[in-house]
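Chains as they are written, first to last, in the working numbering: chain A, 1 to 1155; chain B, 10001 to 10309.
Hints in this document: simulated from the structure, not taken from any laboratory.
Any given hint could turn out to be false.
In silico DSSO-like pairs for lysine-lysine, Cα to Cα no more than 30 Å straight-line [as the list claims (entries may be wrong)]: (1) B:Lys10054 - A:Lys18; (2) B:Lys10069 - A:Lys18; (3) B:Lys10059 - A:Lys826; (4) B:Lys10059 - A:Lys18; (5) A:Lys375 - B:Lys10059.
Derived list of chain B stretches under chain A, where covered just means 3 residues or more per stretch with a C-beta under 8 Å from a C-beta of chain A [as the list claims (entries may be wrong)]: (6) 10032–10045; (7) 10079–10089; (8) 10115–10122; (9) 10148–10154.
Here a beta-carbon is modelled for each residue, glycine too, at the ideal position from N, C-alpha and C.
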Amino acid sequence: MSDKTPTSDIPPDPIYAKSLSVPIFLASLAVLVSTAIAIVDEFQWRRPYKAIQQEWKTVYPNYLEGLAGERRTHVNDVLLELDEYKALTKAQGRASDDSKAARDAIQLQISNVDSKLAVLLEAIKSPRSEIAAESYKAEHAAQVAGMVPVTKDVADAKGYLEKIERINARKMRLEWDEKDGLLADATVTGQTEDTTVGVAIAALVPLQEKKASLQRELGGANGPLSAATARVNAWKTKNLGNIALLLDNLDDEDLSEKIAAKVSEVGAAEYLDRHTTALEAKNLQGEIDRVKDWSVGDLGVSQIHIPDARNWVDRCETCHLNTRAPLAVNASDMGGNNLFASHPRPDELLATHDPNEFGCSMCHNGNGVAVTSAKEAHGYNKYWLMRMFPSPNYETGCNQCHVGELHIENGERITAGKENFRKYGCWGCHKMEGYDPEPAEARLVAKQIADLDAEMQAKQTRIGNLKALLDPVFDADEERFSEMEPENKRQRSALAMEIAGLRTQKAALQRMFHDLNKERKRVGPNLKDVRSKVKRGWITQWVQNPKGWRPSTKMPVFRWHEKGEAEAVAAFLWQSSTDTTDRRAYNIETIAPGDPTAGEAIFDTVGCLACHSIDRGDENVGNDFAANLTNLGEKNHYDYVVRWVENPRHRIAPYCADCATDITPAEFAAGAEKAAFTRDHTNCPNCGHELQWDNPTVMPSFRLSRKEARDVATYLVNQGGGTGVDMSDPAPWLDDKALFEKGKRLVAFHGCAGCHEIAGLEDEGRIGTELSQWGSKPMERLDFGHYTSDAKRGIEPLLDFVAPKDEADGNDTKLFTDSQKYYAGKWYNHRGFILHKLAKPEIFDDAKNLDRPARLRMPRFDLSAQEMIDIATFVMGSIETRFLPESMKYTPDAEGEAIRKGWWVVRKYNCEGCHEILPGTVPAIQELPHFIDGQENAADRPPYLVATGFRTQPGFLASFLKDPSLGGGTKAPKSLRPHLSVRMPTFSFTDSEANALVQFFDAMAKQPAVYQPEPLVPLTAKEEIVAQAIFKGANCTQCHVVTGQAVTEETKAPNLTYSGQRLRPEWIARWLQNPAELEPPTAMPALFRLECGKCKTWYSTDEMANLPEPDTCSNCGEGLGNGRWVYQDKALKAATDYKGDHIDLMVRYLRALAD
Amino acid sequence: MDFQQLWEITTLPDNIPIVLLGILTPFFLWYGFREAVKNDRLIAQLEADPALAKTHHRKHQPYHPAWDKTVHVWPYLLRIEFLACLAVTAFLILWAVYFNAPLEEPADPTLTMNPAKAPWYFLGLQEMLVYFDPWIAGVILPNVIVVGLMAIPYMDTSPLGNGYYTWKQRKFAIGGFMFGYLVLWLALAFLGTFVRGPGWMIFWPGEIWDHHRVVHEVNVHLHELFGLTDTLQIAIFGGVATIGFLAAAGGATDFALRKYKPELFRKMNIVQYVHMVGFLVIMAALPVKMVLKLAFGIKYVWVTPWFNV
């Protein structure tokens, strides 16, 4: 290749001459570097948690060491310094100790009985069915033999009966285990019992009864402990922040001063929070060692795997390393790093939702598998459908399982959301699981009734056919028509029996139907009363803008697009409402005015303000459960208010669901029966179906007399004049017939009938979107209108929005400025949708050119920012949970179910307006000027109902709930506590509501569902004398009354006549021993002393609490369990002579008092 | 104008290839033409100088009379390929490291995404669905494309341009290919990626994909312009129109070829020639149909109960 050799004039051929070494070297280097990058990426960059874990390994032990160094105290140690708390926990401990042995013993017995019961049931299963079969054969033989009694005299039956005897005599051996204790190390003894089948079968019922009675005993034994625990917790909630107490009780003065200085700097709650720990010193060291022992890289990915839930995997704890730390760790402890904070409510939430079983993202959402970045792990990825809920909505996840519950324990925000959803009547337009179930249930029952009717009809036809089949046959011998053929007759009688049975079923269903209709309530008033209730000049401006006239009203503001729409709606409502011009026909008499001063007194004290509020000067008193009654006189007619106050449930005219209209007096008169227009006539004169005479309101009757009702009404209608609206406006359009149809269309369009009963629209469906499982609705189905791309990009149109309600309260929280923190300000998500919708319901119509019918209808509720967030929390949490395993969902037991149902009733009727049901809550009524602490009337508060299930007998409670006057009516409206000015109103509960409440209270007090008091041993004549002496000596009737005795100034306590039927004997005994233990606010003194069984030393309850050794006589060392309770007054001769237990005696005396 | 939408589409990991294509295609086009122009100059020089052309030397760039006419594949070609291989490997590794698989949410059978787009390389085909029945756009045309590509070596037997860039020697072949690839394939894919939005409506860069947009569009079939109503008449009319158009286009192509490229006609046998004309006509028919639809709102030319064209 000579010519390849370059010569001086030929340039070198670049293909040969150009070296590629440098580019190839560089490219190889690039491959090397990219491979290295791949490796680093795999092990470091995609594992950001490694750096986090390293940080944690420094920060956390440092914090723990700091704790160990500082003087840190276990929070209980601090609390235990406080006498008050000491006494409470001691009482709790005592209640627990006192009852522990008893409870354990009962529990043990129950478990042993259970064990035997299980064996017995299994053993007799087969013989019992054998006996049943043989016995049927014997019965059949007797039947064939002409319906003779089944005895051995019947030839064919004899063999079977003998067989039964043989079976009964068959020997069998029962083998079961009995334990001698409840702990794991209890010795198990095998029990055997040789018996026969007959004996074994006979033993079943007594054994079951024994179990029931043991459970009853257990309930009794549990009572005081739960009461005591509730008190400790209530005290803690109330006083934990009360640092002053802590300081007073610290003995180290230097420290005291230091703490005081610190406290003034950071505040008491903060101080307690920071300077008490959940760990004692040695455990603290253990925790430090645990963290430090981990060598680098050992931590790795920590994951929770739940095979049952579609192999759910959560790796959250890879970074959130302190989630389950044994002590509370705050972000501030970790240098402000929230990542290492511990779960804020380990005891309340994690204890019941063990992360090993539930994982994290099951509740919080997010992408539990991802560990590559916080963004991915929290699910803040465009395509991840389950983004983690932002902090204001943390409780959203609760609703997945607790969907049917109105009250979720430890879920304050979601409970508030659910309550707001109920209170503001969101369910009037939006169907939502759990809300307003009555109409659907009623439809179901109606269907069942129709089915029964059809079945009865079919059977009736069959009887007719059978009858027709039988030709009368002339019997020549007897010279008469023969008896009808027996088989035919038997069939017919059997059918007749079946029909009778079905009739009974039908009657039960009809009762249910009636009750369901009665239980159905609406949020707003019945608008059929408009004409008789409100003034002409008032209604139009109210429809136009309800919040203008009464800013606190729950009625939302509707958007009227054209002039005259409000007038049309008002005209429709006016014209469609019941025309009561013929007042006589409607039994409406003219009522003379009463005395407003007396009315005010009644209004303030009888209990109205537990639900309603009223403005007094600049101050608003009362509760916001029901309407603010200020300015009522501008709005309502006096007559109507009197009748309403008297009994709000009484309708002007009854409604017939079948005719779908109100029935007028004329129709009554024209009916077949020509019945009078009164509530006694419960059936429709047109179609015969049951009428609804009850108003769908939750307002109860206070059993006021006509005079009292007049006084209250006079007081109320004299309120007003403050708004400046001209109520005397004759509003001529109200009678304009031309507006009727227009108004009706508008009313139907805006869904007014969701909250109000309106003539002609009673069965109107809901106009809103169904919200059940709304949280699972695909984003594409939510219409953000022209804000879609703004929402996706995080452009916020309502940046400066401040809820008017907040503004009025002087709170300028900018909801959407605040929301910019979450989801990077993007609001194309469920949260963004619902919050914007609540803040400005028409927002997604913005910049749209739509006809009226296509416009959004949701009215403006003017909620506060917090209310909106809570409602969002609830509604977003309503999601599809198909894939959650059943085992993980909350399936309440009987007790849980009773509590679940009960809350719906409790919240529906606002029981908590008057009563404390959960420890620590303050009923609205207690905040009224009359009832606040220290006021004269403080003792007049409605009773305390925490753990009341342990106190009252269910039967009595049910009848009391149904009629709190216990038969007294308006004449004797007070029964149990005649001394109270406030009184329990008549809610006209249906049976199922009353039962729900009774079971609720039983369940809240952890009492078994079935209660039977132990039989009463009558007092002997001698005992009677002793008991009377004590009753008199203790001057019981100074505070208490018995029926027939007049109420005096001194009366402070319930009527004792009812004790026998009302109270549980075991409660009375406990109560007499130590009233303050069961009900802290009580005025009842402890009247009895415990006497040591050996040395006869007396101990008062206080002394008992301070014994050096609990429950042991400090004098002789004898256990006080063997002592007896004696009346405190040694001077009372009759008592000191009586050698039995005085409390036991008094319990029997009180129980017998009614007779 | 709002270019965030365009930015969102451009930065979508799914679209990295097509964005790269948008950059690389012009580059290689430019590069190829630059080289082609150099070679074409050399060819002109050689043609002008028969003596030089006869020497045993390289006939394309880089060129020098003294250089070897050919060079060995190993190592002179393979080392370049190896270099490219290394560069691509490094690039692919980095791509794989920095971009995860662009997975989206689980499919929901009750909810179709809007716009529902095929992967970028299929968007040309998807765009064709706007103009044709699925069986044409989805079955016939892709097959014609594949078969046509496979048929090229049998129709085009000219050795010119093998192993070097040239434009002058292969104007017709390169022009035809560029029309098919750049206009009919890439341009449609770009249209599908960047311009088609919700409802498969056209949103130009600068417009936001608004799901609420409503457009008014009247589409008619060709026969409706002539007021035909009878099915048979319509079918016959459409058939005549379509086949007539194809025949006319074929005739015109034939005429043009004979007039302007007589040597092509001479070198090919009748089978090769007919196929080439057929493929050219089908290729040219697509833009015609697009223009009919986009500019005149004509949906179908040939409507029968069984198929529409």
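Structure-based check of all given hints:
no. : hint                  : in the structure
1   : B:Lys10054 - A:Lys18  : holds, 28 Å
2   : B:Lys10069 - A:Lys18  : holds, 17 Å
3   : B:Lys10059 - A:Lys826 : violated, 64 Å
4   : B:Lys10059 - A:Lys18  : holds, 20 Å
5   : A:Lys375 - B:Lys10059 : violated, 61 Å
6   : 10032–10045           : violated (count 0)
7   : 10079–10089           : holds (count 7)
8   : 10115–10122           : violated (count 0)
9   : 10148–10154           : violated (count 0)
Going through the hint list in order, the structure does not satisfy hints 3, 5, 6, 8 and 9.
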